[in-house]
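2 protein chains.
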Amino acid sequence: MKIIGIDPGSQITGSGIIEFANGKISLIEYDIIKLSSRDPMSIRLKKIYDFILKKISKYKPDEFAIETAFYGKNVQSTMKLGQVRGAAIIAAMNKKLNIEEYSPREVKKYVTGSGAASKQQVLTIVKNILSIRVSPKFFDASDALAIAICHYFNLTSTGRKFGITTKEKSSWKSFVDKHPEKILR
Amino acid sequence: MKIIGIDPGSQITGSGIIEFANGKISLIEYDIIKLSSRDPMSIRLKKIYDFILKKISKYKPDEFAIETAFYGKNVQSTMKLGQVRGAAIIAAMNKKLNIEEYSPREVKKYVTGSGAASKQQVLTIVKNILSIRVSPKFFDASDALAIAICHYFNLTSTGRKFGITTKEKSSWKSFVDKHPEKILR
Numbered sequence: 198m199k200i201i202g203i204d205p206g207s208q209i210t211g212s213g214i215i216e217f218a219n220g221k222i223s224l225i226e227y228d229i230i231k232l233s234s235r236d237p238m239s240i241r242l243k244k245i246y247d248f249i250l251k252k253i254s255k256y257k258p259d260e261f262a263i264e265t266a267f268y269g270k271n272v273q274s275t276m277k278l279g280q281v282r283g284a285a286i287i288a289a290m291n292k293k294l295n296i297e298e299y300s301p302r303e304v305k306k307y308v309t310g311s312g313a314a315s316k317q318q319v320l321t322i323v324k325n326i327l328s329i330r331v332s333p334k335f336f337d338a339s340d341a342l343a344i345a346i347c348h349y350f351n352l353t354s355t356g357r358k359f360g361i362t363t364k365e366k367s368s369w370k371s372f373v374d375k376h377p378e379k380i381l382r
Numbered sequence: 198m199k200i201i202g203i204d205p206g207s208q209i210t211g212s213g214i215i216e217f218a219n220g221k222i223s224l225i226e227y228d229i230i231k232l233s234s235r236d237p238m239s240i241r242l243k244k245i246y247d248f249i250l251k252k253i254s255k256y257k258p259d260e261f262a263i264e265t266a267f268y269g270k271n272v273q274s275t276m277k278l279g280q281v282r283g284a285a286i287i288a289a290m291n292k293k294l295n296i297e298e299y300s301p302r303e304v305k306k307y308v309t310g311s312g313a314a315s316k317q318q319v320l321t322i323v324k325n326i327l328s329i330r331v332s333p334k335f336f337d338a339s340d341a342l343a344i345a346i347c348h349y350f351n352l353t354s355t356g357r358k359f360g361i362t363t364k365e366k367s368s369w370k371s372f373v374d375k376h377p378e379k380i381l382r
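Chains as they are written, first to last, in the numbering used here: chain A, 198 to 382; chain B, 198 to 382.
Simulated from the structure, these hints should not be mistaken for lab results.
Please note that a few of the clues may not be correct.
For identical chains, the list gives no copy identity; a pair is met inside one copy or between any two copies.
Said to hold, decoys possible - Straight-line alpha carbon distances no greater than 25 Å define the calculated PhoX-like cross-link-like pairs of lysine-lysine that follow:
#1 K324 - K255
#2 K243 - K257
#3 K292 - K244
#4 K293 - K199
#5 K231 - K316
Bound-form chain A, shown alone (with noise of 0.2 Å):
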């Protein structure tokens, strides 16, 4: 089973494909799209959307998560992302993906234990459970392979929808109790 994960933003989208092969989570590819602000919106959206689309086509995956809403910066920035989830989440429906979405603080809890988890620590776990050496050059590559990750833990879990103490089967804390030869030392 492959697994695309999202991580939108007006400026970058990161997406990351994992896989789930006999007993084993794999990564596929990382990848980021930087968008120029000189573009007008429209462009800036067509090309998320492209690039999502194309990544569905190449990698082929059978689900599909994104980061929910950031809420709080400011409105403009809100609108925006909001445009740019839109974008995602067409390409995805265009493609007849099941859409699952996880706020920031599910994906982190789920992937690191912690909800405050810093993007550094999600990135150091990320690599650990992908068995990468290379950091993703960008956060948001991370961050996409972390949200595919989440949506892995919560499928493989009993509940679909989230709550670490009904999920702590599939929690990253399960994960390293199955795989002790994961954890740095």
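Here the structure of chain A is known, so what remains is to put chain B in place on it, guided by the hints.
This is chain B only, laid out in the frame that chain A set:
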């Protein structure tokens, strides 16, 4: 020349298509799509995308105009509206249409002469310009027509970008001057 105007909304999205030919502006079609709040947002976005795509395929407009964000209410509604706008813009981009955006205030100012006009005032003038008797059932449809009319006034003016002082030539005021028969007495 045909123009499609879109009034985006996560509950109701309106579309309005007008034509300008032989010195006459006329109505082609107006419609709305009502979204169920029980549907997940991804389904709603896809329905809006398909709705707009279908309108463009059927009526083949040359230009696409959409209302910009209405900021203010709250971040959650701003995020939702952003997603709807993203889906709508991707529909237009996928049909290779040029996209023009207008703020609610610009639309009102172009169409009625006042940026603070009520929805009812906009509706009255839209009906007047397009010589239609029946009220569009929802303001979302008349607003969509107003957006298309606003774009028409903008396109036919000397300057590209809005500024009522430079655009007076093609404002409602100048339209009335040229078409005194449109004034209800």
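Against the structure, the hints come out as follows:
1. K324 - K255: For K324 and K255, only the intra-copy Cα distance (23 Å) is at most 25 Å; the inter-copy one is 49 Å.
2. K243 - K257: both (20 Å within a copy, 20 Å between copies)
3. K292 - K244: So K292 and K244 pass the 25 Å test inside a copy (16 Å) and across (14 Å) alike.
4. K293 - K199: within (14 Å within a copy, 32 Å between copies)
5. K231 - K316: Within one copy only: 19 Å inside a chain, 40 Å across chains, cut-off 25 Å.
This entry satisfies every hint, going by the numbered hints stated previously.
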